[in-house]
Each structure stands twice: as C-alpha cells, then as structure tokens.
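Peer 1: Take a look at the letters that make up each chain.
Protein chains: 2
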Amino acid sequence: MTETQTIIDSWKVTTTTLNKAEKRLQESLTSIGNGYMGMRGMFEETYSGDKHEGIYLAGVWYPDKTRVGWWKNGYPDYFGKVINTVNFLKMQFFIDGEEVDLYVDEVSDYEQALDMYNGVLTRSFVVHKGEKRVKITVERFVSIATKELCEVQVSFENKGAPASVKVVSAIDADVSNEDANYDDKFWEVVEKEATSESCLLIGRTIANDFNIPRFTVGFKMTHSQTGFEALTPAVKAAAVAVAYEANLAEAAVATIGKRVLVVTSRDFETVTAIKTEIERLVTALAPQSYDDTKAAHERLWHQRWELADVVIGGDASAQQGIRFNIFQLFATYYGEDSRLNIGPKGFTGEKYGGATYWDTEAFAIPFYLALAAPEVTENLLAYRHQQLPQAQHNARQQGLAGALYPMVTFTGVECHNEWEITFEEIHRNGSMVYAIYNHANYTGDETYLLDKGIDVIVEVARFWADRVHYSKRNDTYMIHGVTGPNEYENNVNNNWYTNFMAQWTLNYAIETLPKLSQAKRAALNISVAELKQWGDIAAKMYLPTDETEGIFLQHDTFLDKDLTPVAELDPTALPLNQNWSWDRILRSPYIKQADVLQGIYYFPERFTRAQKQQNFDFYEPLTVHESSLSPSVHAILAAEIRYEDKAVEMYERTARLDLDNYNNDTEDGLHITSMTGSWLAIVQGFAGMRVSNDELSFKAFLPQKWDNYSFHINFRGRLLLISVDETGTKVTLISGESITIKVDEQTVALTKEA
Amino acid sequence: MTETQTIIDSWKVTTTTLNKAEKRLQESLTSIGNGYMGMRGMFEETYSGDKHEGIYLAGVWYPDKTRVGWWKNGYPDYFGKVINTVNFLKMQFFIDGEEVDLYVDEVSDYEQALDMYNGVLTRSFVVHKGEKRVKITVERFVSIATKELCEVQVSFENKGAPASVKVVSAIDADVSNEDANYDDKFWEVVEKEATSESCLLIGRTIANDFNIPRFTVGFKMTHSQTGFEALTPAVKAAAVAVAYEANLAEAAVATIGKRVLVVTSRDFETVTAIKTEIERLVTALAPQSYDDTKAAHERLWHQRWELADVVIGGDASAQQGIRFNIFQLFATYYGEDSRLNIGPKGFTGEKYGGATYWDTEAFAIPFYLALAAPEVTENLLAYRHQQLPQAQHNARQQGLAGALYPMVTFTGVECHNEWEITFEEIHRNGSMVYAIYNHANYTGDETYLLDKGIDVIVEVARFWADRVHYSKRNDTYMIHGVTGPNEYENNVNNNWYTNFMAQWTLNYAIETLPKLSQAKRAALNISVAELKQWGDIAAKMYLPTDETEGIFLQHDTFLDKDLTPVAELDPTALPLNQNWSWDRILRSPYIKQADVLQGIYYFPERFTRAQKQQNFDFYEPLTVHESSLSPSVHAILAAEIRYEDKAVEMYERTARLDLDNYNNDTEDGLHITSMTGSWLAIVQGFAGMRVSNDELSFKAFLPQKWDNYSFHINFRGRLLLISVDETGTKVTLISGESITIKVDEQTVALTKEA
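Chains as they are written, first to last, in full-length UniProt numbering: chain Y, 1 to 754; chain C, 1 to 754.
Treat the hints as calculated values from the structure; they're not laboratory data.
Keep in mind that the hints are not guaranteed to be accurate.
For identical chains, the list gives no copy identity; a pair is met inside one copy or between any two copies.
Straight-line C-alpha distance at most 25 Å; calculated DSS-like pairs for lysine-lysine [what the hints assert, rightly or not]:
id	residue 1	residue 2
1	K515	K742
2	K532	K699
3	K730	K752
4	K65	K185
5	K135	K51
6	K147	K699
7	K65	K351
All chains, please: the whole structure from these sequences, using the hints.
Peer 2: Pasting the structure below:
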C-alpha cells in the first residue's frame, strides 16, 4: 500500500481504498495466522481481478521436483514448498441473484482493517447492484485459543430497497500454487460429505517420487445464521458447499457465521482419527458462540502484547511498524511445536518455498529469547538437533564429513536448487552453532549446550575441518568457493565472515569439550588427532584483512573492485536486483546485506570500537540493503558507534519494510524472519542491550523524533521493563529476583519495587 | 560400443551384436546426415527396449521456456532446442501377423554397419518367429546429391517355411523430445493425406510465447516394391501410413523401398509452396531407381574423401577414428547454407539444445579452411556477421555496450540459461574475432576482414571496453566475474585467457582500422576518444602471471588452491563430473579443458618455447580433459614442445573419443564440434602446420606406432599433399600455382610435378 492507502493507527493496519492494482500487496499486509495455520488477506467471496489467494498450514508441504537448466552432482531432488491448502474460506455472495465481485461492482464506504491488538481482520463496504445497496461486513480470525479453529462472520445490512441475499459457503480443494514448478495441483480429495448441518472434506497431498509422506487434512465447516435459511447442500468434484438465502427488507440485517476446523495428519495419523478429533472439537466448541470464541482468542492476544509490546512515544508511524512486525511474528510462530520453524514468508505467501532458513538462528532467536518462554528457544534449537542426521546426509552429498545444515528445508534435507546457494552458502552452518552459544550466553544456562548443543557443534566442526584446504604457498587454511551472507557475490574465496565463523566454531568446540561429562565425551568419539587438527586449522585459518583500510576483507579480491559508493549511483538503478543484470550485480562492490558486519554484530565484545567503525565506514556505503535482513544489523552497529542518524535511518527501513513496501516485493508476502530486525534495532540498537560475561547491560539513546520508548524483556527468570526518555534510561524489575545490571556503564542493582 | 563390439575397419563402423544395454550408444555411433537433415542410428521398425530415437532437420527448432530455479535479471526467456522431427522413418514389420521387435525376438546373424566411404547405413539380421526364419536387410541414406531426400530399402528373405510378411510404413508426427523442459510435444499436424501411391503429412511446430516463427515441414513418402502388394492406406490422428503384404515361399525375397522427401518453410514459405516443391522433387526423381539415387549420393561422398581423407599407415584403429570424425563432421555441415552452423551434437542427439557454440570458431574453422571451398568458411563467418544485431541485443541485456555473441543460439539471441555460462563465459567473444583473424591469416586475403569482419571486431572491442573496470588500487584494467574455457571454475576474476583475448581484440581493432576505406571507417563512427580509450585499456590490461612458476595465471587466486595433480587422485573419482559434487569440482584445481593453453594455442608465434613448456608443464597435470574440446589443443602444444608421447596420448583421446566412449556420454550423441580436434591434432600437431607471417610451414614427427600418414589441404588456391613417413616429410603441390613454404625450418619451393 502506498502511504495514502494505509492509515497510520498504532494498533491497526487500515485502508479505506480497494486498490485493484495493488490487491496482492493489500492481501500480504492483512495476513493473519496462529502458528498452526494462516492466510493472506484474500477475500472470502469471488474477486475476479488479479489476486494471490493463499491459505497455509504449518508443516504441510510438498516436495516439488527440482527445476534446473543443467543438472549438477549434489543437487537436491526436490524443492520443498509450503503449499496453498484447500480453500476453506471460500464463499459467494449474491444480491437478487447477481454475484458480488468487488473487481467489477460499484462499491462505496470500503474499509479493511487488521486489528493487531485483537488479532482480527475486518472488512466492510456497501455494494451497489443497480438500485440496490447492501452493506457487507466480514470479520475473521484464526484462533490462538483453539489452533484448529478459523471463524468468519459476515453480515448483510440492506441500505436500499428490499433485496434477496444468497450466500454459498464452500470448502474447495481445487486450488493452485503460483510457485509450482510444473503447474501441478497439490491436493486430491479423499472423502467429502455435505449436509445442511455441516460439510466435511478430507484432502490429501498428491503422490511424490521422493518417499516424502503425504499429508492428509480434514476440514469441517458448520454455520450459524440469523435471518438466513439453509438451502440444499452440494457435493462437487473437489468441493463441498452449502447455500443460505435471506430476503432483506429495507434496513434489515442478516448474519452468517462460518466456523471451520482443520485437523492434519501431522497430529492424527489416520483419516478416522482425524475425523474423530474434528468431531471432538466441534462438540467441545458447540456451546460457544462466535463472540465467545473471539473473546477467548482476543484475551490471549492481549496477554501476548502485555509482554511483547514496544511503546514508542511521539512517532505513530514507528509505533505502528514495530507492532505490525511483532504481530506477524507471533502469528507465524509462538513456539508451541518443536517440529516447526519460522518460514521467511510465514503464512503470507509462497515465495522461497521452504520452511526454514538460517534467518531463524541469526535473527529470530534473540527475539524469542527475550519475549517468549525459555522452551520456545529450546524448541527452535531442538528442531536443528533433531535434523542432525539429515544435515550429515547433506554434507555427504557434497562429499564432505560432518554436518551441513540446509539453506532451505522441511526435513533437514537440503531442498534449495541453486548451486551457488546450496553448495556454497555454507556460512549458515556457523549460525547453527552461534544460536546455541547465544542461548547459553543469554540464559546463563549451559544445560542445553552440554547435553544436545554439543552434538551439533562437533558435527559442524567436522564439516569445517574437511571443507577447508591447506594452501602450501601461504601456509594457511583457506575456504574457497563460498557465497557469504552477501548473496550479490558468488563463489568467492576466503570470505572473512565464513572463515571467521569456521574458526570460531572450531575454537568453541575445543573450549566446550572439557565441560562435558565423561559419557558424553565418549559418545562423541573425538580422537586426539582430530582435536589437534581442529586446533591447527583454527590457529592457521586465513582471515583476510587490509591494513591500509584497517578492515576485514569481505573476500580475497574485494578491494580490486570499482568501489564507487551507492550514493554515487544513478538512483534509478535501485533496487539493483530489479534493474541490473545478475552479471553486473555480481562483479559490482554492492552488498546485499551485512557480511563482514554480520560477524562483528555476532560478537560485539571481540572487536574494538575502532574496528567496528572502520569496517562500518568502509562497507555500509557499499551496501544496498536489498535483503530484508540487512538494515537491522546496520542499525545496531550504527547505534553502537553512535551514528545515531544512520541508526534511525536503518531502523526506519526495517520497521516499515513491508508496510511501506520498501523493496517493492511485499505483494509476494511479508518478510517475516526479518521482522525481528526492527525489535533488535530498538533493543540491541537504540537501547544498546548486550549480554557479555554473564552481565546484562544497556547503553541507550533516544531517537530525535521520539519522545520516549519502552519495552519488556525476559532475562534469566526476571521480567524487566526498560524505559528510555530524554531524562535517561530506566530499568525496572517487574518480577523475579533481584539482579545487578549495567546501565550506561554504571552498575545498577535492580530489586522489586514495593 | 565397447571395444569388443566395434570391429576395427578403416572405412566402416560395424557391430555384429545387438547390445540392448547400450542401444543408445549404438544409435549415436551409427548416425548419418547430409547437412540438411540427419538421424541417429535408430531402427525403422518397432523396438520396445530403451532407445533414443531422433531425426533432426537443420535449423528447425523450438524456443522452450527457460527452466530455472530462481530467475535472475538478464536470463534468456527460452532455451532454443533442435527438436526431434516427425518420424518419417517409421515402419512396422510383421511375420505371419506377429510384429518384429528385436528387443524381444530371437535374432541371429546380426550385423549393423555404417559405411563411411559411401555414406550408407545397413543392418541385417535373421529374425526367428516360432519356426519361421526371415532375414531382414535394411539400408538407408540421406542423400548429399538431393538434400531433401532420404531413402530406406528393406528386403525380406525367407530362410524357413513359407511365411507372410507385412510392412506398415508411416510418417508419424506423434514424437517426443527427451530434452523438452515441460514435456511438450513440439509438432502439430496441418495436413495429411494417404493414397496407395503416396502419403503426405504437413507438420508445424507448436506455438510459442517468444515471437519465434513456427516451422512448417512437408514430408512425402512413396514406395517401390518387389514381391509386395499394397494394402489400403490409413490416415490416423497424427500419422499417415500405408501397408504392404507379401507371401514368401521358402527362399523367396521381397523388397520394399521407402523414399521420403522433406521440404521446410526455411526454404519455401507457404504450405502451397512446400507442396509444390515436394511434387517437383518427386517428379524429378521418379525416373531414378533406389540404386540410381544411391549411386549419385555415393559418388559425391567419394569426391569429398578424395580431398579430405587422412591416410594413416600401420594403425587401423587410428585410421578408423579419423575417418569417423571427418565423416560425422561432413554429415553435419558442408557449408552450403550460411544460415546454419555446426551444432555440438549435429544430427546425433538433443543434448546442449542450441545450434551454435564457440566451438565453431575455435575448432571447426581451421578444418573447413583447409578442407572445403573458401565460401564455406566465409559462410560460417557471415553467420556471425548476420547476427551482429542480436549480439548487440545480448550485450544490452547485460547492460553493456557493443556486442556479446551468445554461448548458445539459433538466431543470435542468447538462449542458454545458466548465469555462470550465459553471463560470464564471455571469452567466447574473443573467438569470434579470432576466427576472422584466422581466416585472413590462413587465406592471406583481407577482403572479408576489411569489409565485414571489422563490424564484428569493433562491436566486440566496444563490449570489452565497457566490460572491464579500472582498479584504482592496482592502476590496471581488470575483468571480474567470468568463467574461462575451464568451466570447472565459475565467477573467477582476471582469467588470463579472457583478459588476454580482450586485450588482443582491442589491439587488433586498433591495428585494422587504418586499413579500412574512408567510407567504412566513417560508418563505424569511432571517435578519437574511443580509440584512445581502447589503447589505454589494452596497455593497462592486467594479465596475471607468476614469476616463480613462470606461468600465466588461470585467474587471480589459482595458486592458493590445493594443487595435487590428477595423477595422484583416486582413479575412481574420474570423470570428476560424474563422481564429485559440483562444489568440490569448483574449488578443486582440476581443469576441464585448455584455458591458459587455449590462448597459447591460438597465437603460437607470440610465445616462446619456454613459456609454452612451463605453462604446459604446470597446467596439463591438473587437466582432466572432460570436455571433448580439450585433448586436441593439448596434443598440438605437446607436439610443438616435442612431448611426442603426450601428443599421441592426447590424439588418441580425441580421435576415438566417441568410438571408444571415453567420456561415458556418447549415448547422448556424438561430440561433433570436437571431432575437428583429431584432424587438428594430426595436421597442426604431428605435422606441425602453421601459417605465420604469410608463410605456410610444417615441422612434423611420426608417431611411433604409425608407419606413415598423409593428408591434403587447400591453401591459397593450391591443393597440397603432405606425406610423413620415417624418411621425413614430403609436401607435394597437386594443383595450383607454385609456392614457397617451410618444411622442418627449411625453405622449399613447390612446383607442380610434371
């Protein structure tokens, strides 16, 4: 939505225009979800214009045969895709027999609003059919109280002469995926039945050639109606439907509620078990009205906000931005299911296919560490631990020892199909270990590290030890042929970040081993020779630097480039990925997202202020921030070196990236995993939160535009409130035991206020 | 075929085994063609086992929508493919009503032979059906006397009790392409008719989304029969067919001839014109029997051999190898049509899709310069000149000035879909200019260079001038982000070969400009500033070298690799492209084909013997020769530095690459463009032919295994015979004016013998 479309409201994303040219963007921005399922802000009823309808179920996916030009050894067989599920929202509205279709109908008083405080999407408008005028209001939510539940309520208020209104409500398995490689439709119907009481459809994902289990999903809908009469239900080839009709006198109102329950074979294996569970849920919910279920759902959202809200005084736009991001993150993942992870588009689109990227470890874990129960982060770590055998398989596919965590995956097996990413963007392995370290560092609890984390660390260390090569000429270990976090270069040699993370992982493994139990150490089976080799490699790892510039080198030949800063580029060239050929991008010095700076961000205590500043001064002017993951890291580092204006500029890009469609691609879905970035920019950036040497510290500044800001964090069993205004920074212990922290380099003892 | 399968016969490729496991390989090795059309050694009749049937028409192709994982700016929309044409060979044989199918039938006395001297493929076998025994002999050729003509003759000799034989002969448009991206069938039927006299089918390639004209092709078949009676013809959905029946007494013989004429919209635009042309051809050929047309065809093959044959004494295997290569090259291209080029698989397979690669300029032009009329080479050069606007378009697609000749093309527009090739393997542009230089150097005639060649050279120079960047730090011009001829590395910086070719092109352009007419120069519109810029770039072009090793560096960081020679690898790892992951290959030091050595090969007079030897000694031990284009260059350089054993080893790999299935991929088709390599290895390698400073010279050696060898070349209006035996080298002027050449560094005046 362009600025004129979205009304700045601190708790809502509202528009009063139906922008047909940007329907997809409006759909993305009004997505909702409950971690179990979610959907784009698609319309329930028919809309014949360009749109991108999508409803997604967490963990229900399809292995789509890899589509490449020329096959290369080591390629994954399939690209795993979150698939558009059976359309259970589907409705049709008719007024005097004519179908409502906002693409062609005359409409007035349009309003669509995502209420983030309550987790409810509403839409209302008056549709004109000849002389008739009917106001239609649609409300929907996916319950966080009952994860299998989606409710829709539609009311029709007659604003003109008497009219008949008909509603057809369906569950339709005939859905497509825009992202399908070979235009397959992914659902087949196993069972269907329709009565005027309820309709049931059991769908199953189509067969595949890769021994990936098929998913079976049951969908049941019941309806409540006021002023409507039920007509005969219909069973179609791939759908079940039921119709309702009402004759509305002038000013009369009729309402219909659609309650849908969705149960999948992820939780209940057989069709029978799925049906039994659906019946159980239907029965359990039967006593509750739409208002009841909605109230239960909203109450839980209020609780979430109580902990997670970041309050910004004096900047409604920033306030809306941070809430939108937190809302969408929680809609995607709230940590209930360790088999799940945080997909980069969540439930808001198909692009990027897979479920899990390194974004989780790099950017999401700090957020969940601070804002969710400790189990949530452990679930995210356990997800990778469970997938260790698959990560070993991935390494074997490349002919290497140890474990290579995938770039994109559902099962742990790599399913991205570009060699320059799959085979080369191996720095991701470092973030798997970093997340384990980060958890231990933040929580001060090494139980997970020593019990399970070490399994991952050792296998990743083994991978690095095999992936390096010894360069005789230089008497160093090198890593050739990688893609760093900056995906605007490929197949570079000695990417500083990758080499640094490999070295750090080897050292971290070596340091951690002595802390293990005898039994655990024996189980890991690390020989003296192996340990010595890790030490040698870490000691002789080549870390390219340039003394003249005083920087770490992004890779061996980076300084040979034409180093014209972004500011001197013709602005029409931006974003580069939409305007330049891939060739030009690759050989340019322009950086998609933090690369050297990512390493500095990860380990703030390992680098001097001068190092931070010199590297920032060198690389940031060459950075185009065309990854949604880029601005937050830069905001945090800029804040640390007190480039306050730059920090705010970067924050603004991350905070309203989707709301303002910065990268011109939000129509495909929201940048879910990078949404943590705006929270990180405030908390680690503006407020300067760090955890070093077992101590929590803050070193805050207040952006000029803001009057104040405050947020809560969980820290080692305490709940803290951090408030920053022009008088300074105040940290309050809301619950938990006393603790000593640092604020602005002063030691502060926090005790519970009376 | 494994060695036991192929009988070493200097003029034939013969097998007496029907090897069902290697049917595809047998098909590849028995391909025939006439430059206009050709086909794999597929059977006419039904064969239900694994096979790869393919008949191809030169220049008849389809733009198949690009299939990539993730789209990148600059990608071509489509991958152009030589498509399998309507199956006009199709026949079915029945004995007493049971269909002959060699995959399941018992067969004896099997023999299949490609007669290279005559250009005819024959096959004979006795098929056992219960007690019945019928000997079937099939003979086919595609005429080089009438390009539109293909003839098949089948005879049935009854070796047992009386039997009925039925033959169904068809033209069938229901064909598939193994290489289709989306499993499309590429032909639709426009018209079909069948009478007992003749059958006609007009096919058209299916529609496409890329504004590429569709091809219409007319196929007509007539039959001649001895002992057979015609049955009612049949018109099917996508085929026309006619059946013949014969009752064969014991020892009786019946014969059927199938004459097919193929006319395409490349020559005749409308369906009417195509039909008229077919009728004209049918009428013109009507008086000629099968034996007549065959004799006319064979006579022309004899003439071709008279000039082109290389005679090797004492090594039947080598003799067969060189003849096979020359035969397949001429079957693919004999220079009649400047709209055509030499596809890497010719008419022998689908792989590599496109029609034209830089192989033509690098490896085929020297062959055609010596063995064909001068117009043939000029046609090959003109092909690129015609496509200059498309090459300019390709450069624009990458955001660059000048012209970028495509990696793969039909029309001149790039249609390969991997960025590391399309966008980066730009050294190909250098070979376009080299071919023009090579033609001028060999012929001593600069007319083409100054009239048309310069258009290409100037646009390629403009491309290089824009593609380089100035590296402030080094005060040199560099070329980053390329793939050199060694495709086992991608996205390297300062590939010596690419930089060298760019520098040479700029200098060649600068040297040539003063020779142009005033008008031509004006038309090219080169400003003083532009010319100065070319001079600056050429003068400051960075050419990476290493003083310690005394070598040119393949690229900036090549020496940082683990430089273990191929000889020390576990032999089971070879070929690497079938055993190693792409990742491992890319970061390894192993070289697919000559890279630095390609540049040294191109310009033998520019490098000292020491430079040649040092670079050969360094790079060859790291080279796996997994491109069919590799061994010939190495054979030539090895011969020059008098590594005679190495030269012979390399020659043997190139000469029998397909016959011995060296790279284990001949089942996909023959390596047509690299077939020139064995000729080059003998002529430029063993015989040491060079043309330098307007002088032809030879410096030959005789491989130990050989008694002698001899060949002809055309040179500047003369025909020369070069004979080498243990007594030395003798060059004889067969026709043309006297000329002075050098043999073993001695000046020799050649005059016509009395």
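Peer 1: Hint by hint, note whether the structure agrees.
Peer 2: For each hint, the structure was consulted:
1. K515 <-> K742: neither (28 Å within a copy, 79 Å between copies)
2. K532 <-> K699: Result: close neither inside a copy nor across copies, 41 Å intra and 57 Å inter.
3. K730 <-> K752: within (14 Å within a copy, 106 Å between copies)
4. K65 <-> K185: Classified as both: same-chain Cα gap 13 Å, cross-chain 20 Å, threshold 25 Å.
5. K135 <-> K51: within (23 Å within a copy, 66 Å between copies)
6. K147 <-> K699: Close neither inside one copy (40 Å) nor across copies (84 Å); limit 25 Å.
7. K65 <-> K351: Both, since 16 Å and 20 Å are each at most 25 Å.
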